[in-house]
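There are 2 protein chains.
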Amino acid sequence: MQKAIGIFDSGIGGLTVLKEIVAKLPDENIIYLGDTARVPYGIRSAETVTRYSFENTQFLLAQEIKMLVVACNTASAVSLEAVKKEFPLPIIGVLDPGARAAVRTTRSRTVGVIGTEATIRSGAYEKAIKKLAPDVHVHSLACPLFVPLAEEGWTDNDVAELVARKYLASFQDTGIDTLVLGCTHYPLLKTVINKVIGPGIALIDSATETAKEVADVLEKLKWRGNGIGEGIRKYYVTDTPARFEQIGKRFLGDSMLRAEQVKVGGV
Amino acid sequence: MQKAIGIFDSGIGGLTVLKEIVAKLPDENIIYLGDTARVPYGIRSAETVTRYSFENTQFLLAQEIKMLVVACNTASAVSLEAVKKEFPLPIIGVLDPGARAAVRTTRSRTVGVIGTEATIRSGAYEKAIKKLAPDVHVHSLACPLFVPLAEEGWTDNDVAELVARKYLASFQDTGIDTLVLGCTHYPLLKTVINKVIGPGIALIDSATETAKEVADVLEKLKWRGNGIGEGIRKYYVTDTPARFEQIGKRFLGDSMLRAEQVKVGGV
Numbered sequence: 000m001q002k003a004i005g006i007f008d009s010g011i012g013g014l015t016v017l018k019e020i021v022a023k024l025p026d027e028n029i030i031y032l033g034d035t036a037r038v039p040y041g042i043r044s045a046e047t048v049t050r051y052s053f054e055n056t057q058f059l060l061a062q063e064i065k066m067l068v069v070a071c072n073t074a075s076a077v078s079l080e081a082v083k084k085e086f087p088l089p090i091i092g093v094l095d096p097g098a099r100a101a102v103r104t105t106r107s108r109t110v111g112v113i114g115t116e117a118t119i120r121s122g123a124y125e126k127a128i129k130k131l132a133p134d135v136h137v138h139s140l141a142c143p144l145f146v147p148l149a150e151e152g153w154t155d156n157d158v159a160e161l162v163a164r165k166y167l168a169s170f171q172d173t174g175i176d177t178l179v180l181g182c183t184h185y186p187l188l189k190t191v192i193n194k195v196i197g198p199g200i201a202l203i204d205s206a207t208e209t210a211k212e213v214a215d216v217l218e219k220l221k222w223r224g225n226g227i228g229e230g231i232r233k234y235y236v237t238d239t240p241a242r243f244e245q246i247g248k249r250f251l252g253d254s255m256l257r258a259e260q261v262k263v264g265g266v
Numbered sequence: 000m001q002k003a004i005g006i007f008d009s010g011i012g013g014l015t016v017l018k019e020i021v022a023k024l025p026d027e028n029i030i031y032l033g034d035t036a037r038v039p040y041g042i043r044s045a046e047t048v049t050r051y052s053f054e055n056t057q058f059l060l061a062q063e064i065k066m067l068v069v070a071c072n073t074a075s076a077v078s079l080e081a082v083k084k085e086f087p088l089p090i091i092g093v094l095d096p097g098a099r100a101a102v103r104t105t106r107s108r109t110v111g112v113i114g115t116e117a118t119i120r121s122g123a124y125e126k127a128i129k130k131l132a133p134d135v136h137v138h139s140l141a142c143p144l145f146v147p148l149a150e151e152g153w154t155d156n157d158v159a160e161l162v163a164r165k166y167l168a169s170f171q172d173t174g175i176d177t178l179v180l181g182c183t184h185y186p187l188l189k190t191v192i193n194k195v196i197g198p199g200i201a202l203i204d205s206a207t208e209t210a211k212e213v214a215d216v217l218e219k220l221k222w223r224g225n226g227i228g229e230g231i232r233k234y235y236v237t238d239t240p241a242r243f244e245q246i247g248k249r250f251l252g253d254s255m256l257r258a259e260q261v262k263v264g265g266v
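Residue numbers (numbering that gives the first Met the number 0), protein chains in the order written: chain C, 0 to 266; chain F, 0 to 266.
Treat the hints loosely; a few may be bogus.
The list cannot tell twin chains apart, which means a pair is met if one copy fits it or any two copies do.
Within a straight-line C-alpha distance of at most 25 Å, the following computed SDA-like cross-link-like pairs (lysine to any residue) qualify [unchecked claim]:
#	residue 1	residue 2
1	233	88
2	262	57
3	23	176
4	2	155
5	2	103
6	126	160
7	84	161
Simulated from the structure, these hints should not be mistaken for laboratory data.
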């Protein structure tokens, strides 16, 4: 079997990234690991998330991968540098592609970022954006209820809208014209976020941006798949698969989604 | 030091139980373990939660405890019998006290139960209630957004009310006159739940009921503290303490809350 693209996420959210990669590179084999026994990462400390990232990477390396995608904003924000230092394969996080797209998009040079508590606390988006364009102002906001809303499937009802209104009111009068959806769950709430924040503000979905970067890197290295047929996709989880399969179907629109439970790290 | 009452919860919610025990038995030493590195239990499988319960119990036994309180509805629902079988000290879960209070309270012989996905899926409340009173009808409902709402501190605003309305509408026309708050986070939403469900329905808070049972058991065994002064309270967590201390202050109204990070099981 041709070596796969390895993807890990704290749970289900990374499937939005997988979906975009599949759309762009349908012939690639993909191995996905959802660390469902230890989800959510967004409320945990940087040390803990970094340890989990190492263990997830070791598991995926044992499955024969050519490239690693850290499809979790929290893990990308707090552990990507450490993971890159330890494991010398091509590694792509979801944070830099989002930051790059934001810098490319903003005209007002003022960007908003929303994400989990851990992602926002880390300041990683702000640092990444400032590194690319020191003149861009960044307004960051943690939106802890967006993940449970997306998992409950309440992505486009009155609760979702009221929650979005409460959080996004913080961006009023900041002058942002671009908002980074800095969590892989948030694209599911795109419609309601768009409605609340208004048509004048561009939404950056890191899933799309990350898929573009995965394709670019594989092209550059001449490591692309053979271009024939559909790649094989395997899903692993660290808790029992039932909940992942059920919610994952909503994410992927794939009613046949099957996952296998594995042991990763101490879990 | 006099042997302590050991309490564990998946995270912060069990502090509502601790608070009631302190109010009732202020002279008792209490050791609390919040498994914050593996929270939330409510979305995990029964096998995983059972393993976590065993590891938490082993940690507390090493701290010299005379009694164990499983202050987590999910752990009580799916693992209490197994924990009792393995560890022969007095053990109290939060589920049976709540079930008993519900049976004692209902006149219409129809009871509602709300809790996490894992608690409701286990059917443990229904079983416990039916065992006490086979004639009582039970209507159960998972309310996954209540925990993140409580942790966000949105316990009495318009979002909390709208979410409560959406969930609790299921109980219309069921004839319930009693509603069990089957998750230790839910007492924080008591005001809004009460407002939405109406004054005709009694709310059962397992925290109060559990504290009563702890006092009863210690009295019966003649294991009560010496009745002099304030007991010592120690808080342990499995992730870094910052978030636990911050949210815990809101739960306990104790601005001095300090917790220590420890290793439990594979975490």
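Verification of the hints:
1. 233 - 88: within (20 Å within a copy, 45 Å between copies)
2. 262 - 57: both (12 Å within a copy, 22 Å between copies)
3. 23 - 176: neither (28 Å within a copy, 55 Å between copies)
4. 2 - 155: Classified as neither; 39 Å inside a copy, 52 Å across copies.
5. 2 - 103: Neither: 33 Å inside a copy, 63 Å across copies.
6. 126 - 160: neither (30 Å within a copy, 38 Å between copies)
7. 84 - 161: For residue 84 and residue 161, the Cα distance exceeds 25 Å both inside one copy (42 Å) and across copies (47 Å).
Consistency note: the structure conflicts with the earlier hints numbered 3, 4, 5, 6, 7.
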